[in-house]
Structures are given as C-alpha cells and as structure tokens.
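> For the protein sequence lines, the chains are A and B, in the order given.
Going by our numbering, 58 is the number at position 58 of the first sequence; the sequence numbering is gapless.
Going by our numbering, 500 is the number at position 157 of the second sequence; the sequence numbering is gapless.
Note that these hints are calculated values from the structure, not bench results.
A portion of the hints provided could be inaccurate.
What the simulated footprint calls covered on chain B by chain A, stretch by stretch (three residues with Cβ under 8 Å from a Cβ of chain A suffice, anywhere in the stretch; the number is not a length) [as the list claims (entries may be wrong)]:
1. 385-395
2. 410-421
3. 426-439
4. 459-473
5. 512-521
6. 743-755
7. 764-773
Positions of the beta carbon are idealized from the N, C-alpha and C atoms, including for glycine.
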Amino acid sequence: MFFEALDLNVIWYALVGLLLTGYAVLDGFDLGVGALHLLVKKDEERRIFLNAIGPVWDGNEVWLVTGGGALFAAFPEVYASAFSGFYIPFMLLLVMLIFRAVAIEFRSKEPWPWWRQMWDVSFAISSIASSLLLGVALGNVALGVPLGADHEFRGDFLSLLNPYALLVGLTTLAMFMMHASIYLVMKTEGELHDRIRDWIKNTIAFFVICYVTTTMATLLYVPRMTEHVREQPMFFVLALLNMLAIANIPREYYHGRDGRAFICSCLNVILLMALFGLGVFPFLLPSSINPEYGLHIYNAASSQKTLQIMLTIAALAVPLVIAYTVSVYWIFRGKVKLNSKSY
Amino acid sequence: MLDAVFLSRLQFALTVSFHYIFPVFSIGLGLLLVIMEGMYLKTGKRIYHDMTHFWVSIFALIFGIGVVSGIVMEFQFGTNWSNYSRFVGDVFGSALAAEGLFAFFLESGFLAILVFGWDRVSKLMHFFSTVMVALGAHFSAVWIVIANSWQQTPAGFHIVQHNGFPRAEITDFWAMVFNPSSVERLIHVIGGAWLAGAFLVLSVSAYYLLRGKHLDVAKAGMRIGLVVALLASLGQLVSGHASALVVAEYQPAKLAAMEGHFVSKEPADLHIVGWVDEKREKTHGLSIPGALGFLAYGDFNAKVTGLDAFHKEDRPPVAFTFQMYHLMIAIGATLIGLSLLGVFLWWRKKLYENRLVLWLFVVSVLLPQIANQVGWWTAEVGRQPWIVYGLMRTSEGISPVVSAEHVIASIIMFSLVYLLLFVLFLFLLNRKIQKGPVFVPGDPTHEDPRLSRESQEGVYNVL
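Full structure from sequences and hints, please.
Now the structure itself:
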C-alpha cells in the first residue's frame, strides 16, 4: 500500500536515510579506529591512528548532526518521540561523543604519559560505547518501541536494552571495527601496516559471526523486517549484493588491494543500511503496542509544502556537501605522515 | 520549584550558555583570521604568516569545544522539548536542517584544510579555506538566528491540526526567513561575535606587550584587533538600536521588562541604572525623562506600553530582564570607549607602552563574552512566558515522557562534563598563549627586514 508513488514523503525517507548512511560509512570507520585504539601500544602508533582520522572525523560527525536536523525538519514527530523516549541512552550517547571528540583533540597536546594514556582510554571507551548505543537504537527501531496512541514513548530505559537490540549493537561495533581495520591498512605503512593486516582476519570473522547471528535472529523474531523482500523478490538482490560485498573483502585483502577492500566494506555498510531502511519502511518508529500507533512517513511528516522547500534546499546543498567531502578526502589521501600540526 | 519545566529550562540555559562561549569566538576569530592571512598573502611578511599559524591553532581549540557542545543543542529540542518540536518542527526544523547542510559541512570540511592542510595545498587554496571556514561560521549564525527570531516574531506560517494537535506549518518560506526581527537580530549577533574575536586578539596581544614577548606579532595583533573592535563596537550601537525598535513594535512586553516600565504612560522615562521592585511594580534609579519614548518612537512625549497592558501571567520576569539588558548596554558603551581609547593611543604612538591601558585590554576579553551572554538572556527571558511568542507557552513545550528526575540526572551530568571541559579549555588555551607564536618553518616570500636576527633563526621571544 505504501509503494504506490514516489512522493515527497518517500523521497525524504530516502534522504534522511542517505544522511544516516553517510554517517555510518564515514564515522563508522573513525568510531572503529577508536575501538581498535588500545590494541597498539606505542605512542607513535597511537598518534598514527588518531591522525589517520584527524582531518576527517569532525566532518564525519556532521552527517549525524545534519541527519538529526533533517529528521527534525521532515519528520518532527519522530524527532520528538524518539529523542524524548530514548532520553537516558541518548544523553549517554551525547556524553560519549563529547568525550570522544575531546580525547581526540586534547590527547597529543601534552607529552605526559598519564595524560595521553587517560585520553587514549577515553577515546577507546567512548568509541565503543557510541557504536554500541547507535546499534542498540537501530535494533529497537527494527523491533518497534512501546509507542502509545498519542505517539509518546511508554517504555523505560531497561526495556531498550533487550537481547535483540544488544545483538544489533554488537554487530554495529563489529562492523565498524572491520571497516576501521581496512581503513587503517590503507593509511599505514611498514611494520604497523603488516600488523594491522593480520588483524583483518579477526575483525572479519567477528563481524561475520555477528552478521549471521543478527540475520537469523531477525528472520526468526522480527519477520516484519523481511516482509517487503518477500513481497518483491527483486529486493533480494540487495541482500545478495551485500553477501558478495562481504565475501569480496577477504579476496581483495588477499591480493593486497587495500583500496578496493575498503570500497567493499563501504558497500557493505551502505547495503546493510539500505536493507534496514527497506525493512522498517514505511515506518520510522514502529510501535510494539499496536502497529497503528507507529510513526510512519505520512503521519510523522511535515507539510507537503515544507517537504518541497526542503527538497529544493537539499538539491542545492547535497552536491556541495559531496564536493567538500570528496575534496577533503582527496587532499588528505595517502599514508599518514606525522608533523608538527598533527594530533 | 523543581518541576520538569523549570529543570528543562535550566538545562537548556546551562547547555546553550556554555556552548555560546565558543561560536562567538569562532565567528569573530574567523573574520580576523581572514584579515591576518589576507595580509600575509598581500605582503608576504613573516609576522603575518606566523601570526596566522598561531591564531589558527587557538581557533582549532575553540572550534573543537564549540562542536562538541553544539551536538547537544541539535538534539535537545527533541529530548527535552518534544511538544515544542512537534509544534514547530515544520518551521523551526527546516532552519536547523539548513544550518547543517549549508554551514556545518562547509565549516568542518574546510577546517581540516585550515588546520592540517598547510603543506598539502597552495597558499591561495589555504586562504580560500580560511575564508570558507569563516563564512561557514557566519552561515551557522544566520540559520540559528532565523530559527530563534521566528520564535520571537513568528511569520510566514499558519496553524493546522495534525494528528489531533495544532502545529505551525510554513506558508511562505521567505516570510519565515525574513521574519520581522531576523535581519536586525542577526546583525546584532554577528557584531557581538566580531567584538568577542577582536577582544580575544587584543587581550592576548596586550599580554605579550606587557610581558615583552612576541612583540611584532603582538603589535600587529593590536592594530588588526583595534580596527575590528572600533568598527564593530560602533556598529553595535546602530544594530542594537534597530533591534530595540523591533522589540518595541513586536514584543512590547519584552521592551517594558527591559526598561522596567510598569505603567503605560507618556512621557516614558529611560533608566540608565536602577533596580526593579517587582512586588510594588516600581523601578527606581537614575532616569532620563521621556527618553524611552524618544528612542522607541522618536518623540519625547510618545506613549510607551507598560507591563500593566498585559495580564500577570503574560509578563516576563522584569528585574532579571532589566538588569541583564542594562548590563549589556553598559558593556557596549565600555567597549566603544576602550576601542576609541586604543585608537587614540595608537594615533599618538603611545599604545604599546601604556601599561595601564594594556592591562585593561588583557581583561577586556571577558566583556564581549559577558555582553553576548546577557544579551541572549535578555532576549530569551524577555520572551517568557512564551516559547513561541504569542503562540505557545514555554510550559506547554516540554517532553511529557521525561520526568524531573531524568532531567536532574542529565543536568548533573552536563554540569560535571562542561566544568571539566571548561577547565581543560582554559588550561590548554593558557598553555598555547604561554608558548606563543613560534617560528614556523614555512616559506614566506619575503623576509621581514624589521625582524631581529634571532627571530629569523627561530626564536621570536627575544626583544
């Protein structure tokens, strides 16, 4: 019933999805770098990790902030219900993001070992916690949250920490760690590069185990997520491409083609986000109390006029955003070299 | 007293006030960086080169804390003000999204080149990045002031029933953007930010002059800072007056509170200093007869609406608004005086030696910061009891599902985190200032002949 037309609401669902996918692909690897940070011990190696994401992590986080802004503009009901409903976990996420940014910024500003160790630990913990919390949020959206008829949240914090959501959280963390290890291989050289190459086997294995478990759990316990694929078998192509992208990572890695392995890892994130978006569609926040209480792209949206205005704004801005992003990544391409301006 | 409305307001005030320390510095310092690096490109002199490097490193520190404290702001409307978000999302959310798309991406992308790109791009491209970062910081102010001005003087919308509740929807995008107060307020906000940036540079430069360190960079900093400070402080006089006229026309209750004007009458007196007795509804102090009418309507005998024209439940807190507003005005006047004094001494060639005045400049960095804060408190507290003027009360805007206990927990958490951040910020800022502009091995096209030999060998802080 919801596939009848490619209307403004569907386009905005896709655009908010695009911003959040951009966030997952880009901040995904720098959150993952944080999760892997404590695995290297030498100061210089840790600085290389930080500077691998140095010029880009801030811009990557803008995708989340703008995703939040776009959600507010296009689907204010979801913005209101989700963030007030997820109050405690969301406050925790904000604090983790603050600590993470501060750790990156401040760590190398002083030479004292205790200072650097303190911020290294903050960086790792906050990156791991942020990844888990983001995944837990996605898991709960997939599962549906206790929304009442008035679209207000009826659950509590602990109800959000259910096993399925935690599993999705863990999978998100594993995905980011794999993504980051491939990114770091691209940005490092010499002995460090070879050592990180050895990690990739482990990060891939960790991710694949989580991925398979989450897929099984979703098929068994959240069948609604696969409804559209059952109705429209052509969507299965997305799942198939996802498998191929994942399977191709070890192949490219084996041949030493780091850049192509990273592209496959990006594709994996994009396709998983697309499958997630397809599974939840047309809902943004399904209700576990009564499907009719859920917030979807029609009852949660701004007016048609506003969606139209915002589409014009997005059409002007998105090409610029892509241009900035590509330029920055191009200017800072290649292996990390430490200098006096580095973190 | 400790209800969810009060606590959510307290949390918003706390987080936004802390955040607002940093964007004003980024906007103001952004402009000064453009001037400094522009001077370097034009003259090729090493002092401008090293000066730009030094201030870029300070800018990066400020910007970093601005970003982390800003993330909280982007989501706090949803977490603590969900009814408000449902009511205004169609209008207010659009401005916020535009801010992300037009300002944040621009700033963060080019900031990377500004801070890390010295060796990776050409000089011209680096300068271009500096301009873009400064522009991005200004764009951010544009959209956020538009959003806030819509709360003050809503326009370009209609109220529609949605899911059984009323909400505001855009009818005319440009009328929303150019609502009656947005242009005047935007100019006033940006002028305030330029003052914050100019006085930061003046403060650090004066400190170096007093300590006899980094003299060339310090003198150049004084000159650039003074020019911007003088233009901005005089400009604020005009933009402040223009803003007040808009308040007089569209938010008479706020104007009455700003002036402690209880009884509608003519002539209306203007208080220079005073205190407000809210119980007896009287304002005491030093006043100029009829001047309020003159300022608001150009006529000493004009009648100015007083608070008695409004029901008690529609009045903003008077004493607080009055004092904050008057503090802002007093600081504005002081800044004009300081700027004029500095320019006068510069003209008399006595600026770099007058230790008393230099000390004044060292502490002056606090003044624009305080004025920016209390100016916003005037604007926001003066709008009460409305969250959207005349349309929605602040008490109606909160998140019904968030309990007072939750808000207390997050207030404690933010207080601790922000306290830590602020201490770290001051500590690192001080370290950077103590280290000062160091000789940066780059390739300024011409060496500055005025520099001592030691400077050229890499030690600046030798007279």
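> Hints first: check each against the structure and report whether it holds.
Cross-check of the supplied hints:
With 0 residues having a beta carbon nearer than 8 Å to a beta carbon of chain A, the region 385-395 of chain B misses the requirement of three or more and the stated coverage is violated. Note: the region 410-421 of chain B has 10 residues with beta-carbon separation from chain A under 8 Å; the three-residue rule is met and the coverage holds. A count of 11 residues in the region 426-439 of chain B with a Cβ less than 8 Å from any Cβ of chain A is obtained; the coverage claim is therefore met, three being the minimum. Residues of the region 459-473 of chain B lying with their CB closer than 8 Å to a CB of chain A number 6, which satisfies the three-residue condition for coverage.
For the region 512-521 of chain B, the proposed coverage by chain A is satisfied: 4 residues have a C-beta within less than 8 Å of a C-beta in that chain, meeting the threshold of three. By the rule of at least three residues with a Cβ nearer than 8 Å to a Cβ of chain A, the coverage given for the region 743-755 of chain B holds, with 6 such residues. For the region 764-773 of chain B, the stated coverage by chain A holds: 3 residues have a C-beta nearer than 8 Å to a C-beta of that chain, and at least 3 were required.
In the structure shown, a violation is registered for the earlier hint numbered 1 alone.
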